Structure formats: structure tokens, C-alpha cells
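Q: The chain contents come next:
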Amino acid sequence: MTRRFKQASWNEPVVFELGNAKRRGFTFPKVDGEIYRKVGEVNQLLPAKIRRKNLPRLPRLSEVEVVRHYTRLSQMNYGVDLGFYPLGSCTMKYNPKLNETLAEHPGITMLHPNQDEETVQGILEILYTLERWLAEITGTHEVCLQPAAGAHGEFLGALIMRAYHQLNGDGEKRSELIVPDSAHGTNPASGTMAGFKIVVIPSDNEGCVDLNALKEAVSERTAGFMLTNPNTLGIFEKNIKEIADTVHSAGGILYYDGANLNPILGKVRPGDMGFDIVHINIHKTFGTPHGGGGPGAGPVGVSKQLAKFLPVPRVVFDGKRYRLDYNRPHSIGKIQCFYGNVAVLLKAYAYILSLGAKGLEKTAEISVLNANYLMKKLRNITGLSLPYDENKPRKHECVFSVEKLEKQTGISALHVAKRLLDYGFHAPTIYFPLIVKEALMIEPTESFEKETLDEFAEILKEIVKEAYENPEKLRNAPKNTAVPRVDEVKASHPRTMMLSWKMYKRKNGETRNNY
Amino acid sequence: MAPYSHPYIPNSLPEIDEMMREIGIKTIDELYIDVPDIYRLKKTLNLPESHSELEVKQHVEKLLSKNKTCKDISVFLGAGCWPHYVPAVVKAIIQRGELLTSYTPYQPEISQGMLQILFEYQSMICELTEMEVANCSMYDWASALGEAARMAVRVTHRNKILIPKIIHPDRKAILRTYTEPVGITIQEVNYETGTGQIDLQDLRAKISEKAAAVYIENPSYLGFIETNMEEIEKEAHEKGALFIVGVDPTSLGVLKPPGEYGADIVVGEGQPLGNPMNYGGPLLGIFACRGDLHLIRQLPGRVIGMTTTVDGSQKAFCMALQTREQHIRREKATSNICSNESLCAVAAAVYLALLGPEGFRELSEIIMLRANYAIQLLSEIEGLHVPVFDSIHFKEFTVNFDSVNLTVNKVHRRLLEHGIHGGKDISKEFPELGETALYCITEVHSKEEIDRLATILEKIVREK
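Chains as they are written, first to last, in our numbering: chain A, 1 to 515; chain B, 516 to 979.
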């Protein structure tokens, strides 16, 4: 049986075009007469110069219309709950339903972050324990749960490097942060935010860090080196010891980008490999939903010598009670008003508890098995090539190039990606890492069974065949999604861009209606 | 290979063997041959064993039940994270798996739902603030402020930001975290002693051609409304600085929107719009700016645009202006942000669509009326100074205990005995204000709850 895909296509109006003047989607409890008697009307309280005159131009919908509008829109969206989502580097695994239920418990939703410690012992215990677990998983000394996302964790990591060198009196001198050319874009961007100059080093012909280039790049100006291992090709940096030694002997800090932590859970730990700072993408490795872009969480683990720089407060336990400790004189300060994305972290806690040590290890194993199996199935497809050492096992993902196909047929990675959508698969990450031309970066994760992988391989083969036989069809893809190819150029051109309904109205000459 | 199967991992023994055969390996370990043996973990991780769904549920619920929540006690805390009601519809929509389990909408054709909702979110934020552009979220208010300061520096090529002395100390700390590494100076502007309002003379003395931006919060951290926004705007713009305004969006049903008094950038905390407190996170950073290309090009974060399909046949949505972002521009990006708070923005969109213009104004009015009722009631208690500043307040206000010789902490302990969690202790944050607490009232606090707070406070003061 072959599954067929046809995404809902409602041509749903923008919410501002719906409803009418008298409809309401929500009512509030009445304000008691006595309150009015005591306080008066809001208009009497507020001087005219600061009072809002016109109502905000929000739509006027009944509750049922709101439900239908957003339910229809949800049908025009694709998630892991629907099918294969091999978006490389994003680890699109199953998001357990139980964890969503737990995160709706009033014991978290109705908890204020400034409540007395006596009243929040349960949540503090969860956070404290999760820190310990993540430290064990990453082989680090202490973990801070506060960063709201991976890039936020990278920023914190870069700030810790900076604080470390400053304390050593090296702050001014150590101004360079080294990243490989295969790094995620967030690495150089985070380094810049922390005030570092970015030095990019090339990969070697095996797709790994070019040791000689690294040795040449390090100096007394080096603050640190940011590395993803396994890297963005899915290849394990086997020279990790030499890499760590090179960075450390130059006085630099070795930073672990945790985007690719999933395949090494329970197998090898960043801390043991010599990484001094590690960030974890909770929304990748620990199965919390991406929510269309967030919220995630990006905890940071550090070695013993760097623990004193972590942001305040730290959750501490005296054997009886959990407490928030602000007394950390060397701390880099604050990166979050409170304690991080606690609702997301709670789901990670439940995830680890469900899988346990052995289950996490199995997660890693099956994610690697799935990636290598898929790689094997795709390797013989004409037009596709596997850059870098073909005989080397990959870890969580494999990166193919359709350069040859593109040269022979004009069908690019983008076309292939769009055609995959027609079959009800999400596309792989494309055109990344930058060192692979026409890249398809495929990460199956452990959440998909052999049947799905087989089906994906068959369909990719079919698409490539189509490229040679009937490329026009591919050029017109996708057809089965809510809309056909979207004009992204128009969306970004200053003349045609519409970044809000207000901008759209202005550009169409519509003036303010009377609200 | 661990002989073990788990409901989250479908592949099990027969397929695993077949797959290994296909790859040409005998054990999964062979896939790890390139990991140096010295680093291979030789032990099982020191973590709990696997647990069944029921066990996990019982264990986590037991821990969560140890917490005392706003359901168990009356909580009057705000200060950056506020208790508001989350309508059932909001919860239902954000739990739709198609939205919940999707990634960043890199492939627009299959992600129109999320893209359109985020566009609607941006558009509704623009309506609240009267700005023309909003991004589809930052982590929280504080990081949005940090990014706004950096954006102002990029736009003006100057490097000083003026901020009010009365600001959430943690937000100020985070602003420093975002600005200090790149050499941006932060300078505080004093307030008028009696009213808390920005001291315009001090602002004039401190602002110069070096200022990249003037940042003002309205309502202020201590809950009062800043009434001189137009005067402040004039000062900022006369010196060529940008005017950045921080808002609690729930005030915008009654307060003049920043776009109407000349704000260039608006930041704020969107958590109150349909998102629970969750012990402080996730939050929702609001970021909006004027529809000026010089500003738009420097905007941090993801922004969704309305466009058409390539064949021009229908409207469609996609991410716009991606060349500002880290995955394209790398070290030259306007920000490093990648994952943001999209689902919280979805919640906010649904929330705003439910309330509509009249509902939204009602929300602001209820909050302001109830908070001012509480102010009146508490100010009638002999010896309490409520509020500390002689200004109009929106949903938060200060209560000072100096005249009754009580510390905030002592009052707090006594209140807790009565099942009430008093306001935030700000006596260390603003020592010049003495023993003062910051109280918060929203639509979730009934008149009865407020009356009870007053009764118990009066008792504590009388019996001290």
C-alpha cells in the first residue's frame, strides 16, 4: 500500500478579513459596582495625553470562528506527528504526548517565578535533578538550564570564555574565536555578539577539522574553538584528542555545539573528549516539540574551572531544601530574567525518566543505524553523490550532493526538496553545510521505522528518475501542498514586501477606518 | 546492543538485524569505530532506569503537587511575569500536533499554517503598538531590549543608551550582558522623587549626539504610568537618537500606543497574552519597529511576510529578509537568534483574535480598575504608604511599610500563614524606597481576593 498525500488547502482569509462588528470570542467577568464607585471610570483615571483614543484594529470573531480559522490553518502545516521530517541538524524526533499533559499541570503553569522558595520545592527539585542528569550525560561538572535556545546557550558559552580570559588578565588579547567552515551559522553569529572576531578554518578532504589549519590559526589571541562533533556532515571528528590538545595548549577554550548530541548519548561524552563548555538543544535531543520555531531550551554545561562563571541564580540543595543562590561573585551575570524555559525543561525531565540510561543509549544507536541504513539505500542512486569518505560510517545524519544531477538535468537540491513535499515528506535541510554543493542533509532520527526509511529511499529514487525523464514536472513541484511554489523574492523586495496587515493596507492605499 | 525496546523507538529486533545486514555490519558498535577508544564510555550513564508512562506521570505529578500554586494561595506577584487567564481555545489550538511538532517553516509550501498565524501575530502586535513591523518573537522582554539597544547602535553608529533608573534590575542586567561585550555604554536617567516620572532635566543633561537611543518603559517597572512620553520623544529625536519603548501589552487597551508618540522600536513581554507563567518561562519577547527600511534592515530575528505563489494565483506566506539572519549572514548577522518562541506567539495570536478590540480594551480596563481599587483599599490602612509614587498606576503598585516598622519579609511571612503571597520585595533593589513591596493585580484577582488581602494586611499591621 502506498500512502498518498494531499495537504488541506483552505485558501483561508487573513484573520482581519473575517468576522463582523458585533461578534465576540471571549468575555471577562464583570467589574463590581463597588469598584466603580470607589475608583471611577478608566477615562477619569487617565489623562488624555496618555490615553488610547482608537481601539486597536483587532478582528471581531466569535469563539467558534476563531477555532475554525486556526484549526484550518493547522491543517495547512506539517509536523512530526504527520510523518517523516528528515531535516538535518534539527533532530526532528517524536515529541511524547505524556509530556504535553504534564506541562499543563497547575503545579507548573500557575507558578510565579518570584514565589517564596518554600512554596516551589517541587519544581526546584525537578530543575536541580535535571541539571545533575544533563551533567552526567555530557560529562560536565555543572549545568545551567537558563538559556532559552541553542544560540542563547552559545552566546552564554562565548561570554563564559570571555569572563575566563578576563579573569586571567587575557581579556583584551584573546579576541579571536575560531570556527570551522562547516559550522552552524549561529556559531559565528554568537561569537560576534560576545564581541569576538571570528576566524574561519577550512575542513580537510575527509570533511573534518583540518588539523594543520587549526594549528596555524591558534595563537595567544585565541579565545576558543567552537566545534560540533559529530560534525554537520554526520562524521565523527576522530582527531578530537589532537584538536583538544591544540586548542588547550594555545590557552583556548573548547566549545561543544550540542546540535548533534543525539547520536552519542551514552556512547561518548563531550566533557570526556576535552570540551570545556557544552550546550544542549533540549528541543532536539530530549524530544520537546519545536513549536514551529520555538520555544526550545539550550542548557550549558561547563568544566569545574568554569563553573564559577555561570549565570545566577544557581539551584542549590543543602540535603533538606532547595534554594536559589545568587552569591556567585565571578558569574557573568544574567541572561534570563528568571530560570529558563521551565515548561520545556520539565518535558525533558520526563523524557529522560521515561527512557532511562539504557533507553538514551538505544536512542543514539538507532538514530545512527537509521542514518547509515538510509545512506546505504540512497548511495546507489545515479545523480546523487556522497561527498567525503564514502566508507566512513556517519552518525545521526548523512549529507548527499545532487551536484551531478543538477549539471545533467538542471534539477537542483531545491527542486528535489520541493518534490519530496508532494509525497508527504518534509524536505531535508538543503544547501547546508556550506562545504557541500547542492547539499541534501538528511537526519532520520530514531523515531522512524524501517518501512518509512524504505519508502523515503524509493521516492527519492523515483524523483531522481523523474529528473532525468521529465524534469518539467519537478520544476513545477510542489503540487500537493496547501499552496504551490511561494514567491520568496517578492516577500523580501522593499517595494513588494508585506510584513504586517498594516503595511499591506498602507501599500494598497487604504487609510485608517474608524475603530 | 542493549536488548531493550521502548515505545518511542519503533525499530526493534527483526528490522534491526535486516538493517545491519544491509549496511554490512554485525554490531551497531561498528558504526562507532571512528570514536577513539579512550573516549568511549565504558559505563552505563548514572541515570534512572526506564519508567513506564504511568510511573513517569505519577512521579512528576507528585513533585509538581509539592508546589503551592496560584490555585492554592492568593498570589500578588508580577514584575515581569504575570498571572493572567488563558482561554481554553488557546490551549486547544497550540496543542494541535501539526503546529506543535513542526520546525521553523523553512519550506513555506508545506508550512502555510504556521506562517500565516505568525504573520497574523506580527500584524496584531502592530495594531496594539501602532508600529508597522514586528518580528515573530524574541526570547523575552529582556533579550528583546538587549537586541533593540544593539540595533539602535547599528542604525545610528553611536554607542550610548539612556535608560530609566527605575527598571527591572534583572532586565537591566541582561541589557548589560547584551551590550557590554561590544562596548555600548548604558547611562541611567533619574526620576522625580515624588512621582517617579522621568526627570526631564536630567534627561536633557545626559542626552547628547553620542546617544544611540533613549529607552523608556510604560508602565514602569514599579507600575506607574509615564505621562511625558511626548516630551521624552522630542528630546531623543532632537539629538538624533532613537526612541525605544518597553511595554506590558495588556496596558495598550487604555494607554496610548507607542507608535502614536513617535517610538522607533517597541519591545515588551508578550507572556500575558495567552501564555501561562510556567515558573518564569517560556516567555515571549515582543519586538516591533517603524516601517522604515533603515530600521527594517537592522531588525533582529525572524519575520514573516505575505506574498503570493510564484504563479501569482494566490496569497501565500514565507520568511522574509532572511539575509539578515545567522544561517545566511553568519558573523555579520543582525542577531544570532535561531529558535525563538513561535508557539508562544501562536498563543498570543489566538488570544488576541478571541478578545477582539472591545475585549482587549475590557482586559486593560478590568486590570486597571481592580488594581486601583486595591490601591485605594490598601492606602486606607493606617501607616501604609500606597503607592510610593504619586502617579497613576496600571496593574502594579508599591506598598511601603516604613511607617509601621515592619520589614517586607516579615509581612510576607505573616501573609503566607494566611494563604496569601504578598508582592515582590524590592527593598534591596531600590534601597532608597525603604521597606517596599511591588504588588500586582490582574483580571484573575477577584474583588473578594483583594478585599481579603486588605483585611489581612490591616490585621498584620495592627497586631505587629
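No lab work stands behind these hints, which were simulated from the structure alone.
Keep in mind the model is a prediction, meaning the values are calculated, not measured.
Hints should not be assumed to be uniformly reliable.
Some, not all, of what chain B presents toward chain A, calculated at C-beta under 8 Å [claimed, not checked]: (1) Ile543; (2) Glu564; (3) Ser565; (4) Arg611; (5) Glu624; (6) Gly628; (7) Arg691; (8) Thr708; (9) Gln813; (10) Glu880; (11) Glu973; (12) Lys974; (13) Val976.
Pairs of lysine-lysine residues, derived as BS3-like cross-links and limited to a Cα-Cα distance of at most 30 Å, are as follows [unchecked claim]: (14) A/Lys238 - B/Lys558; (15) A/Lys308 - A/Lys377; (16) A/Lys358 - B/Lys943; (17) A/Lys49 - B/Lys754; (18) B/Lys925 - A/Lys320; (19) B/Lys541 - A/Lys461; (20) A/Lys215 - A/Lys437; (21) B/Lys749 - A/Lys507; (22) A/Lys49 - B/Lys687; (23) A/Lys238 - B/Lys974; (24) A/Lys30 - B/Lys606; (25) B/Lys925 - A/Lys304; (26) A/Lys30 - B/Lys925; (27) A/Lys392 - B/Lys541; (28) A/Lys358 - B/Lys558; (29) A/Lys241 - B/Lys943; (30) A/Lys407 - A/Lys320; (31) A/Lys241 - B/Lys541; (32) A/Lys22 - B/Lys557; (33) B/Lys557 - A/Lys320; (34) B/Lys754 - A/Lys304; (35) A/Lys197 - A/Lys215; (36) B/Lys558 - A/Lys392; (37) B/Lys557 - A/Lys376; (38) A/Lys38 - B/Lys557; (39) A/Lys308 - B/Lys943; (40) B/Lys687 - A/Lys392.
We put the beta carbon where it would ideally sit given N, CA and C, even for glycine.
Q: Each hint: holds or not?
A: Outcome of the hint check:
Using the Cβ-Cβ criterion of 8 Å, the hint placing B/Ile543 at the interface with chain A is satisfied: the shortest such distance is roughly 5 Å. With a least beta-carbon distance of about 4 Å to chain A, the hint placing B/Glu564 at the interface is held under the 8 Å criterion. Restraint check, B/Ser565 versus chain A: the minimum CB separation of about 3 Å is within 8 Å; hint holds. Look at B/Arg611: its Cβ gets to within about 4 Å of chain A, closer than 8 Å, so that hint holds up.
At about 4 Å, the closest approach between the beta carbon of B/Glu624 and any beta carbon in chain A falls short of 8 Å, and the interface hint on this residue holds. At its closest, the beta carbon of B/Gly628 sits 3 Å from a beta carbon of chain A; the interface hint therefore holds under the 8 Å criterion. Of the supplied interface hints, the one on B/Arg691 holds, with its beta-carbon coming within about 7 Å of a beta-carbon of chain A, less than 8 Å. The restraint placing B/Thr708 at the interface with chain A is violated, with a minimum CB-CB distance near 21 Å, outside the 8 Å limit.
For B/Gln813, the interface hint is violated, the least distance from its beta-carbon to any beta-carbon of chain A being 14 Å, above 8 Å. With its C-beta approaching chain A no nearer than about 5 Å, B/Glu880 sits inside the 8 Å limit, and its interface hint holds. Taking 8 Å as the C-beta cut-off, the interface hint given for B/Glu973 is violated, the closest approach to chain A being about 16 Å. Among the interface hints, the one on B/Lys974 is violated; its C-beta lies about 20 Å from the nearest C-beta in chain A, farther than the 8 Å criterion.
Taking 8 Å as the C-beta contact cut-off toward chain A, the hint placing B/Val976 at the interface is violated, the least distance being around 20 Å. A hinted pair counts as satisfied when its Cα atoms are at most 30 Å apart, and A/Lys238 with B/Lys558 qualifies at roughly 21 Å. Distance check on the hinted pair: A/Lys308 and A/Lys377 sit about 49 Å apart at the alpha-carbon level, beyond 30 Å; violated. Our distance criterion of 30 Å between C-alpha atoms is broken by A/Lys358 and B/Lys943, whose separation comes to about 48 Å.
For the given pair, A/Lys49 sits about 23 Å from B/Lys754 by alpha-carbon distance, which is consistent with the 30 Å threshold. For the hint linking B/Lys925 to A/Lys320, the alpha-carbon distance of about 23 Å falls within 30 Å, and the restraint holds. Between B/Lys541 and A/Lys461, the direct Cα distance comes to roughly 27 Å. Compliance with the 30 Å bound is thereby established for this hinted pair. Between A/Lys215 and A/Lys437 the alpha-carbon distance is near 27 Å, which keeps this suggested pair within the 30 Å criterion.
The straight-line distance between the Cα atoms of B/Lys749 and A/Lys507 is roughly 28 Å, inside the 30 Å bound, and the hint therefore holds. Simply put, A/Lys49 and B/Lys687 have alpha-carbon atoms about 28 Å apart, close enough for the 30 Å limit, and the pair holds. For the given pair, A/Lys238 sits about 70 Å from B/Lys974 by alpha-carbon distance, which is inconsistent with the 30 Å threshold. For the proposed pair A/Lys30 and B/Lys606, the alpha carbon gap of about 23 Å is at most 30 Å, so the pair holds.
For a cut-off of 30 Å, the pair hint linking B/Lys925 to A/Lys304 is broken: about 38 Å separates their Cα positions. Simply put, A/Lys30 and B/Lys925 have alpha-carbon atoms about 35 Å apart, too far for the 30 Å limit, and the pair is violated. Of the supplied pair hints, the one linking A/Lys392 and B/Lys541 holds, its CA atoms being roughly 16 Å apart against a limit of 30 Å. With a CA separation close to 11 Å, the supplied pair A/Lys358 and B/Lys558 stays within the 30 Å bound.
Proposed proximity of A/Lys241 and B/Lys943 is contradicted: the alpha carbons are some 48 Å apart, above 30 Å. For the given pair, A/Lys407 sits about 68 Å from A/Lys320 by alpha-carbon distance, which is inconsistent with the 30 Å threshold. In summary, the hint linking A/Lys241 to B/Lys541 is supported, as the alpha carbons are separated by about 28 Å, within the 30 Å threshold. The suggested pairing of A/Lys22 with B/Lys557 is violated, with an alpha-carbon distance near 68 Å, which exceeds 30 Å.
Using a Cα cut-off of 30 Å, the hinted pair B/Lys557 and A/Lys320 is violated, with the two alpha carbons roughly 33 Å apart. Restraint check for B/Lys754 and A/Lys304: the C-alpha separation of about 48 Å exceeds 30 Å, so the hint is violated. A C-alpha spacing of about 18 Å is found between A/Lys197 and A/Lys215, which places the hinted pair at or below 30 Å, so the restraint holds. For a cut-off of 30 Å, the pair hint linking B/Lys558 to A/Lys392 stands: about 26 Å separates their Cα positions.
For the suggested pair B/Lys557 and A/Lys376, the alpha carbons sit about 29 Å apart, so the restraint of at most 30 Å is met. With a C-alpha separation of about 72 Å, the suggested pair A/Lys38 and B/Lys557 falls outside the 30 Å cut-off, and the hint is violated. Of the pairs offered as hints, the one joining A/Lys308 and B/Lys943 holds, with about 24 Å between alpha carbons and a cut-off of 30 Å not exceeded. Between B/Lys687 and A/Lys392, the direct Cα distance comes to roughly 50 Å. Violation of the 30 Å bound is thereby established for this hinted pair.
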